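K.L.:
Residue strings, one per chain:
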Amino acid sequence: MTQERYTFPHRHLLGIEPLEPRDIQMILDQAQAFEEVCDRPEIKIVPALRKRLVVNLFFENSTRTRNSFEIAEKRLSAEIINFYPDSSSLSKGETLIDTAMNLQAMRPDLIVMRHSAAGAPVMLAQHITKASIVNAGDGAREHPTQALLDAYTLRKHFGRLEGLKVAIVGDIRNSRVVRSNLWLLTKMGAHVTLVGPPTLLPRELQATWPGIHCTNDFDAIIPEMDAIMMLRCQFERGTGAYIPGQGEYVRYYQLNAARMRRAKPEAVVLHPGPMNRGVEITSEVADGPNSVILDQVTNGVPVRMAVLYLLNNAAMEA
Amino acid sequence: MSLLIKNARILDPSQGLNEPGSLLVLDGRVAAIGADVQAPADAELLDAQGMVLSPGFIDLHVHFREPGQTAKETIETGSRAAVAGGFTSVCAMANTRPVNDSVAITELALNRARAANLCRYFPLGTLTKGMAGEELADYGTLKGAGCIAFSDDGRPIMNAAIMRKALEYTAWLDVPVVAHEEDEHLADKGFMHEGAVSAALGCRGISAAAEEVMVARDLILAEHTGGHVHFQHLSTKGSLRLVREAKSRGVRVTCEVTPHHFSLTDEELRRFDSDFKMNPPLRPQADVDAVLLAIADGTVDAIATDHAPHAWDDKSCELPDAAFGILGLETALPLVLERLVKPGVITLERAIELLTSGPAKVVHLDRRGLGSLAVGNPADFVLFDPEARITVDRAFIQSKSFNTPFKGWELPGKVLGTWVEGKRVWG
Chain U
1 MTQERYTFPH RHLLGIEPLE PRDIQMILDQ AQAFEEVCDR PEIKIVPALR
51 KRLVVNLFFE NSTRTRNSFE IAEKRLSAEI INFYPDSSSL SKGETLIDTA
101 MNLQAMRPDL IVMRHSAAGA PVMLAQHITK ASIVNAGDGA REHPTQALLD
151 AYTLRKHFGR LEGLKVAIVG DIRNSRVVRS NLWLLTKMGA HVTLVGPPTL
201 LPRELQATWP GIHCTNDFDA IIPEMDAIMM LRCQFERGTG AYIPGQGEYV
251 RYYQLNAARM RRAKPEAVVL HPGPMNRGVE ITSEVADGPN SVILDQVTNG
301 VPVRMAVLYL LNNAAMEA
Chain V
319 MSLLIKNARI LDPSQGLNEP GSLLVLDGRV AAIGADVQAP ADAELLDAQG
369 MVLSPGFIDL HVHFREPGQT AKETIETGSR AAVAGGFTSV CAMANTRPVN
419 DSVAITELAL NRARAANLCR YFPLGTLTKG MAGEELADYG TLKGAGCIAF
469 SDDGRPIMNA AIMRKALEYT AWLDVPVVAH EEDEHLADKG FMHEGAVSAA
519 LGCRGISAAA EEVMVARDLI LAEHTGGHVH FQHLSTKGSL RLVREAKSRG
569 VRVTCEVTPH HFSLTDEELR RFDSDFKMNP PLRPQADVDA VLLAIADGTV
619 DAIATDHAPH AWDDKSCELP DAAFGILGLE TALPLVLERL VKPGVITLER
669 AIELLTSGPA KVVHLDRRGL GSLAVGNPAD FVLFDPEARI TVDRAFIQSK
719 SFNTPFKGWE LPGKVLGTWV EGKRVWG
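Note that the protein sequences, when read in sequence, are chains U and V. Sequential numbering from 1 applies to the first sequence in my numbering. Sequential numbering from 319 applies to the second sequence in my numbering.
What the hints contain is simulated information worked out from the structure, not anything from laboratory work. Source: prediction; values computed, not measured.
Here are the computed lysine to aspartate or glutamate pairs in the EDC-like style, where the Cα-Cα straight-line distance is at most 20 Å:
(1) V:Lys-324 to V:Asp-360
(2) V:Lys-725 to V:Asp-711
(3) V:Lys-507 to U:Glu-236
(4) V:Lys-555 to V:Asp-615
(5) V:Lys-741 to V:Glu-394
(6) V:Lys-507 to U:Glu-204
(7) V:Lys-555 to U:Glu-204
(8) U:Lys-74 to U:Asp-109
(9) U:Lys-51 to U:Asp-109
What follows is a list of derived Cβ distance ranges for each label pair:
(10) U:Arg-277 to V:Gly-386: 50 to 56 Å
(11) V:Arg-559 to U:Phe-83: 49 to 55 Å
(12) U:Gly-238 to V:Glu-453: 28 to 34 Å
(13) U:Arg-277 to V:Ile-538: 46 to 52 Å
(14) V:Asn-429 to U:Asn-61: 47 to 53 Å
(15) U:Gln-234 to V:Leu-454: 38 to 44 Å
(16) U:Arg-11 to V:Arg-712: 26 to 32 Å
(17) U:Glu-20 to V:Arg-588: 15 to 21 Å
(18) U:Arg-11 to V:Glu-453: 54 to 60 Å
(19) U:Tyr-84 to V:Thr-665: 57 to 63 Å
(20) V:Glu-453 to U:Ala-207: 42 to 48 Å
(21) U:Asn-61 to V:Arg-588: 24 to 30 Å
Glycine included, every Cβ here is placed at the ideal spot set by N, Cα and C.
Build the full structure now, drawing on both the sequences and the hints.
P.N.:
Structure follows, in structure tokens:
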């Protein structure tokens with residue numbers, strides 16, 4: 001418990017990058033309080049965002065993240081509008097800034113935004129003066145609430161983040177989950193190892209995160225890890241062009257029972273979903289005793305409640 | 319019809335002039351220049367105390383968007399931006415709509431430039447018909463119509479055999495092949511430099527190798543054919559090293575660099591501001607240092623702006639979708655003074671050479687007496703105050719567009735007047 005009163009100082013959550021460790025701590029602590037709400041047997045709702053208007057603005061398709069946000073908003077008693085342009089603004093002949101100004105004209109309090117272009121919420125935030133923006137994933141840049149729920153899950157399991165050895169495995173190049181986790185885990189003192197084939201593992205990441213370890217050899221690092229986070233192999237987004245084929249990918253990077261036997265018994269397995277069962281992870285592992293994959297999904301709701309709640313409070317105080 | 323500019327610092331690298339003196343213009347031509355000039359009694363007088371007088375600048379690389387995209391720029395507005403920046407001649411790229419692969423488009427553009435009556439306008443023709451990269455353009459015919467060089471700028475020539483034939487054919491006509499070097503497979507739809515910043519931001523990058531492999535290929539082809547290749551906007555350490563080496567062996571190669579590539583790095587992209595998106599992209603400091611070194615050691619022949627106007631709506635979308643390119647004409651001299659002369663990378667004299675006689679030689683405008691104020695040459699000149707400061711704001715920018723990354727910058731170097739053939743066109 002901190003003695004001094006610290007108010008969440010951010011207007012938007014565009015990424016983990018601008019957060020201080022104590023901001024992260026604050027979100028995770030708040031999420032813990034909301035988890036109790038979510039675990040209530042009777043009414044799982046608090047009035048924290050009553051009469052506040054949240055716009056879910058998803059330019060890119062997403063079922064899981066969208067549902068998780070929507071449940072979080074409902075549990076906070078918010079008014080919700082869903083808006084799925086499902087394409088970039090350019091294809092409509094409207095600029096992203098037009099879209100922003102149109103939205104702002106409707107006076108929402110919070111905008112939850114997913115976009116296929118890195119930086120789109122950053123651009124939007126430069127033009128939205130009256131609402132808070134939550135980045136729900138922008139291209140391969142950041143997906144801050146995913147990293148927060150991953151951290152929440154790890155903290156809950158291990159009781160700490162500091163000193164944990166976490167491997168992130170797969171298509172590092174094209175993953176926003178990786179970048180948000182890199183910011184978060186390194187800020188919180190965890191040790192990150194990135195694993196993937198050379199073409200999907202840009203070594204330039206070490207310029208931004210000098211403390212991390214990068215390797216192509218998954219087998220070599222498995223025994224040391226406290227947590228192994230498997231990434232979705234995004235064949236639908238062209239991952240295939242970077243590797244010889246799915247068979248070879250499976251051979252080197254699939255987390256299966258044989259590899260899991262070499263891991264620490266208490267190691268946990270994470271996956272941001274949706275999984276390609278039989279590609280980056282086998283069902284035995286995904287559904288096995290070390291998996292916390294469904295806990296991640298469960299934890300997503302209180303973590304997103306915490307983010308929306310803290311941003312709303314920050315806006316009310318401003 | 320005579321004009322005497324006196325008490326200026328005369329700076330003409332083509333004649334090795336760097337001294338206080340005067341310029342006498344008679345009927346649009348240089349009648350006398352130097353410390354000791356006798357003027358007729360009826361000459362119009364202009365006292366240029368404290369100012370620099372040099373040949374008008376020559377830009378090897380502008381996009382004036384006419385015909386076809388006149389919401390971005392017209393030949394008239396582009397020409398006004400040119401003379402405001404001290405440029406008296408511009409070489410205009412062929413990627414208009416339609417592209418300039420015909421005498422009709424060349425003549426249309428030349429007519430518009432004549433009507434604007436501001437700076438000299440030298441069109442480039444496309445290197446291939448329709449800029450499709452498949453068939454050679456009508457080089458001789460287009461040269462006859464007024465094209466001074468050939469380029470598919472904006473699009474690389476991916477077929478090496480086409481580039482080879484273009485170099486072979488144009489060698490006979492003594493015109494350069496002007497190349498935008500970028501292997502499009504390696505560039506892989508990138509929209510910023512591939513490196514630490516793009517990796518951190520999760521953005522698709524254009525690797526330095528995309529430029530360098532094409533520079534290497536075309537140096538080999540230039541050497542084999544004897545053709546003259548001119549590389550546009552070189553931006554990487556590797557490209558400049560290759561050019562330096564080829565020049566030392568006598569390959570017919572020239573190159574230009576832009577003010578933005580020696581003034582800015584890819585760190586700027588962290589704000590996702592599309593005014594920092596251009597092609598080639600901004601590179602890391604090591605490449606910027608290599609550009610500065612190549613300017614200092616003579617590897618670079620010219621500073622060119624790649625003036626590429628885009629309307630607000632072309633730029634105000636998501637970064638991957640935003641148009642490539644930025645303005646350059648009005649900010650070129652101030653950036654040269656601030657980033658090259660002030661820190662001592664090069665002397666003012668060498669800087670002016672890179673804006674005048676250097677580019678003139680690349681496209682043989684020196685043969686028409688441009689880029690030099692030798693007696694008898696056209697009186698194309700600029701008068702500027704190297705100390706007076708300017709602010710880059712909307713009023714300062716004459717272009718129809720305002721896509722400059724230097725918004726709000728305060729820089730030294732104020733153009734006080736620009737003259738083309740003895741006629742004042744600015745100031």
